[in-house]
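Same order as they appear, the protein sequences are chains A and B.
Going by this note's numbering, the first sequence opens with residue 19, and the numbers climb by one from there.
Going by this note's numbering, the second sequence opens with residue 35, and the numbers climb by one from there.
No lab work stands behind these hints: they were computed from the structure.
Please note that a few of the clues may not be correct.
Claimed, not checked - With a straight-line Cα cutoff of 20 Å, these simulated SDA-like cross-link-like pairs (lysine to any residue) come out: (1) 311(B) x 297(B); (2) 193(B) x 128(B); (3) 64(B) x 193(B); (4) 64(B) x 152(B); (5) 193(B) x 72(B); (6) 36(A) x 77(A); (7) 167(B) x 199(B); (8) 86(B) x 193(B); (9) 64(B) x 97(B); (10) 167(B) x 215(B); (11) 36(A) x 263(B); (12) 36(A) x 109(B); (13) 36(A) x 230(B); (14) 36(A) x 164(B); (15) 36(A) x 173(B).
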Amino acid sequence: MSRHVVATTSEIPPGARKRVSVRGRAIAIFNVNGEYFGLFDRCPHQGGSLCGGFITGLVEASEPGDYVYTRRGEILRCPWHGWEFDIRTGHSVTDPEAIRARSYPVEIAQGGEVLERHLVAETVPVSVEENYVVVDV
Amino acid sequence: MSVTAERLDHQPEAASRIGIIDTDIHPYMKSPRDLDPYLSAHWRQYLSEYDKFVCGPYAARGTYPRFAPNTCRRDSWPPGGGLPGSDVDFMREQHLDASNIAFGVLEPLLNANIARNHEAAAAFCTAMNEWQKQAFYVPEPRLRASILVPQDDPAEAVKEIEARAGDPAFAQIQLGSKTSEPLGRKRYWPIFAAAQANNLSIGLHIGGTQNSAPSAGGWPQFYIEDHHMLVHSMQNQAASLILEGVFEAFPNLKVVMIEGGFAWVPTLGWRLDNHWKKMRTELSHLKRPPSEYLRSNLWVATQPVEEPENPEDLRQVFEWIGWDRIVYSSDYPHWDYDDPHTAWRIRLSDQEERMILRDNAMAVYHFR
């Protein structure tokens, strides 16, 4: 595993996503209310690009007629067949044990820290003032 | 080397090794006025006064919200604007080049052929045929059009077939799986005679005229039911074509069943053969058991592929149907699109893959 700087935090505001390439691997980075998550950009079903998916939540019910909308902005639907995944973990909503999109740990690092720790920043120019999205691949 | 062979060997940067034939691509118009250049002043005026050429939502399908905007993949909306399937450049980039499609058959689902007004249906089919040619085939010759016909006016339908036959822009005649009467009825036979005489196959795509509730049990509650019931319409048409004797009268007629599923094909054959043994007197015009016509005159397109719990069961289904009866279809840009390399989870041999992705379709369609 190695840590790669893939974007500035300002490039991916809350609710946004960005497709990045790390060592030839396409990864979709999501910002969920200020927290960043990374998923392999291929749906485990037929390979649709998850980065082009539709971000939604869950409709849950404890009994008929009593509905609650939960997890707003945390659920991703593949743009092709609508398979749903938890952005935080990559697990499928309907079959979380058997089906998951591979997830990659993402952290935020300040420019100074990026330079000091010699994190890999091949495509993103780094300055001390900025904050950066770092993915562990 | 022929043009056809060159196209089949065409390999851009796609992962695919062979040029693929996709039997189901849906084109859309950039604007509702796209047909104007191909309509007479009378029909242009009609469109501007009546707004559209089919009946409204309560008498037609489309009563159910369709799961995705315009029933399309959410990543298929062209960056330059317009509906999915309306921008040839984007379709080329996202589908034809990305999947190494050598030929794609256009299946317009824009209702030109189901207008209750038969004169309007004839005019709109002619216009839509010309539109497919000019807007898709001319800029991208890998895309081949369907001959849309006003099937409830067979004389006009035959005229349209004869006008297009021989034009390489057109790959097949399209009919819908929902028709005023089952397609085996004699009123439709002039269409089959013209198809056989001109060596054109029939692309039988799900959808079409809505004459009744979509299910034999009435109006269902959900889109998932409406979506699933399209399979029944395809089974009904296959049974009607076989049992009415269409393939005895037109032994060289080829019919491709598109988007109606396929795991039901073997059981339909088994059941009809069983009934036929007992009720042959009713069907004295049939010379062979019904299942034999399934294997000689009918093909199935793969999308939406069946996804059995045990993926290997799909191999058994393919064996039952016959490997030579199966052609690939993507349904691009619709949301239930199938990718040619990931749609089925079983490992196919090179020969099996070539048959489904290319060779079987080459035996049905004539691409020039």
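Against the structure, the hints:
| no. | hint | result |
| --- | --- | --- |
| 1 | 311(B) x 297(B) | 23 Å, violated |
| 2 | 193(B) x 128(B) | 36 Å, violated |
| 3 | 64(B) x 193(B) | 28 Å, violated |
| 4 | 64(B) x 152(B) | 25 Å, violated |
| 5 | 193(B) x 72(B) | 17 Å, holds |
| 6 | 36(A) x 77(A) | 26 Å, violated |
| 7 | 167(B) x 199(B) | 13 Å, holds |
| 8 | 86(B) x 193(B) | 24 Å, violated |
| 9 | 64(B) x 97(B) | 24 Å, violated |
| 10 | 167(B) x 215(B) | 30 Å, violated |
| 11 | 36(A) x 263(B) | 39 Å, violated |
| 12 | 36(A) x 109(B) | 14 Å, holds |
| 13 | 36(A) x 230(B) | 53 Å, violated |
| 14 | 36(A) x 164(B) | 41 Å, violated |
| 15 | 36(A) x 173(B) | 33 Å, violated |
Checked against the numbered hints above, the structure breaks hints 1, 2, 3, 4, 6, 8, 9, 10, 11, 13, 14, 15 and satisfies the rest.
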